[in-house]
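In case you want the letters, here they are:
There are 2 protein chains.
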Amino acid sequence: MGNRKRIAYYGERGSYSEQAAMQHFGKVGKLTGFRFLPEVFEAVRMDADYGVVPIENSTEGPVTQTYDLLLESDLKIFGEEIVRIEHCLIAKPGTQIRDIKNVYSHPQALGQCRSYLEKHRFNAIPYYDTAGSVKMIRDSALHDSAAIASRSAARLYKMKVLAKAIQSNKSNFTRFMIISKEGSIGKCDKTSIAFGLKNRPGSLFNVLKCFADNGVNIIHIESRPISGKPWQYNFYLDCEGSAEDAMIRKATSSLRNETIFLKILGSYKSA
Amino acid sequence: MGNRKRIAYYGERGSYSEQAAMQHFGKVGKLTGFRFLPEVFEAVRMDADYGVVPIENSTEGPVTQTYDLLLESDLKIFGEEIVRIEHCLIAKPGTQIRDIKNVYSHPQALGQCRSYLEKHRFNAIPYYDTAGSVKMIRDSALHDSAAIASRSAARLYKMKVLAKAIQSNKSNFTRFMIISKEGSIGKCDKTSIAFGLKNRPGSLFNVLKCFADNGVNIIHIESRPISGKPWQYNFYLDCEGSAEDAMIRKATSSLRNETIFLKILGSYKSA
Numbered sequence: 000m001g002n003r004k005r006i007a008y009y010g011e012r013g014s015y016s017e018q019a020a021m022q023h024f025g026k027v028g029k030l031t032g033f034r035f036l037p038e039v040f041e042a043v044r045m046d047a048d049y050g051v052v053p054i055e056n057s058t059e060g061p062v063t064q065t066y067d068l069l070l071e072s073d074l075k076i077f078g079e080e081i082v083r084i085e086h087c088l089i090a091k092p093g094t095q096i097r098d099i100k101n102v103y104s105h106p107q108a109l110g111q112c113r114s115y116l117e118k119h120r121f122n123a124i125p126y127y128d129t130a131g132s133v134k135m136i137r138d139s140a141l142h143d144s145a146a147i148a149s150r151s152a153a154r155l156y157k158m159k160v161l162a163k164a165i166q167s168n169k170s171n172f173t174r175f176m177i178i179s180k181e182g183s184i185g186k187c188d189k190t191s192i193a194f195g196l197k198n199r200p201g202s203l204f205n206v207l208k209c210f211a212d213n214g215v216n217i218i219h220i221e222s223r224p225i226s227g228k229p230w231q232y233n234f235y236l237d238c239e240g241s242a243e244d245a246m247i248r249k250a251t252s253s254l255r256n257e258t259i260f261l262k263i264l265g266s267y268k269s270a
Numbered sequence: 000m001g002n003r004k005r006i007a008y009y010g011e012r013g014s015y016s017e018q019a020a021m022q023h024f025g026k027v028g029k030l031t032g033f034r035f036l037p038e039v040f041e042a043v044r045m046d047a048d049y050g051v052v053p054i055e056n057s058t059e060g061p062v063t064q065t066y067d068l069l070l071e072s073d074l075k076i077f078g079e080e081i082v083r084i085e086h087c088l089i090a091k092p093g094t095q096i097r098d099i100k101n102v103y104s105h106p107q108a109l110g111q112c113r114s115y116l117e118k119h120r121f122n123a124i125p126y127y128d129t130a131g132s133v134k135m136i137r138d139s140a141l142h143d144s145a146a147i148a149s150r151s152a153a154r155l156y157k158m159k160v161l162a163k164a165i166q167s168n169k170s171n172f173t174r175f176m177i178i179s180k181e182g183s184i185g186k187c188d189k190t191s192i193a194f195g196l197k198n199r200p201g202s203l204f205n206v207l208k209c210f211a212d213n214g215v216n217i218i219h220i221e222s223r224p225i226s227g228k229p230w231q232y233n234f235y236l237d238c239e240g241s242a243e244d245a246m247i248r249k250a251t252s253s254l255r256n257e258t259i260f261l262k263i264l265g266s267y268k269s270a
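Residue numbers (numbering that gives the first Met the number 0), protein chains in the order written: chain A, 0 to 270; chain B, 0 to 270.
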């Protein structure tokens, strides 16, 4: 990381993706936030060196749009980063917690704080970004509204923290993917693969068997519906090792007989 | 279905869950809508005979809260129903499409119509229910807003259809689960099972192997994060056959060695 890399991240300044970018690249990067996930992919395709996008939260599950974008795009997964997520309830200075009626945030964050919101009978209103909802309330006249975002977003926008650690699970993490035009060149111990199954009984089992027979350990598997083909799914699989390893090469080459397509999304160093 | 069964469904009158309920039970049921998914489960636990809840859309994927509720609750899956989803853009009579700025609907419906909304540069505002958003606009003074819901919701609330079939995929279906205190007693050709894996390499493969070895065909598999246990997952699996069949009984009994828990959610007739 000698020179200043251009890094595109999801959300406004103060978003958790920005936090993941800083955690991964340190202070060497020139960071730019984008409001929508496809814009991050487009920025990396055009002129940014890296993109940082959330893929999965340990409480709420997958960020489905990121999975879809990884499959559509020609970009590679370059790395991953895990950020501990501690949500705060944030409002304008002078606002008290008893004034709050509406709470704005990203749907994932609202979901992670569901029991807190229900206990206080707040209305949960989805917004495109956690930090963006803090900025929106700062720039509005809303004294009955709060946002859910990180403490650093509150600090950045000079807003007041009304409550801390309001997520349902104290142990709450989000996994981010670092994407780039070219894959990682360092030592890789994790590989992400997407594939579509042949439409016949036992095909998922046969795919997993290709990995088991070659001694490759599967870390996680996720399915996503195929657009326009009801009840058919693409699968995403994370396994241990690099796509260059003989074991994975043997597994993926035998996989080609069982799948209609197979795409190596990238090999990278696990977080 | 001799007497009038009490049926609890998700959403307001005119919701797609109500449509699924009518499709499944015909005119014999006394139908009541509930605003939140846990309320439908609670109603069936208390005094309703059946509940009708969405579990999966062919474009947007799983309704994750339904998966979580099926696992927590003691209710059984009694049946399934598939409804073709044709979304309309619906507003107050007198409103023109050029007046519309904001569009309200359930997040799943907004997701299914994402390209239409982006093309028209409408603001997508999540609301708790499709039909509920039609009712809300009818009862409001909003002349710059529309809802996304079914044509029958527009008819029911005497509202105007501004555009038809606005979902991104013409072939758009939602699968609903019929839940009850007791399981189905008729002929069953599909079984849903939830399980947690032992935390060791190859455990998912070993589970699928139990099914394959006993000739049981797996239709679909879905994973959901375990609350408070980062990067650990429960799995949900649909397979062909009834839990009473010898093949499935053999598969699930050998499964007990590979899993930390195993729950038969129900056997039922596939839609």
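Keep in mind that the hints were calculated from the coordinates and are not lab data.
A couple of the hints might just be wrong.
[To be verified] Derived pair list, reagent style DSBU-like, types lysine-lysine, alpha-carbon separation capped at 30 Å:
no. : chain 1 : residue 1 : chain 2 : residue 2
1   : A       : Lys-134   : B       : Lys-197
2   : B       : Lys-197   : A       : Lys-268
3   : A       : Lys-159   : A       : Lys-118
Each hint, compared with the structure:
no.	hint	verdict
1	A:Lys-134 to B:Lys-197	44 Å, violated
2	B:Lys-197 to A:Lys-268	25 Å, holds
3	A:Lys-159 to A:Lys-118	21 Å, holds
Of the numbered hints stated above, the single one contradicted by the structure is hint 1.
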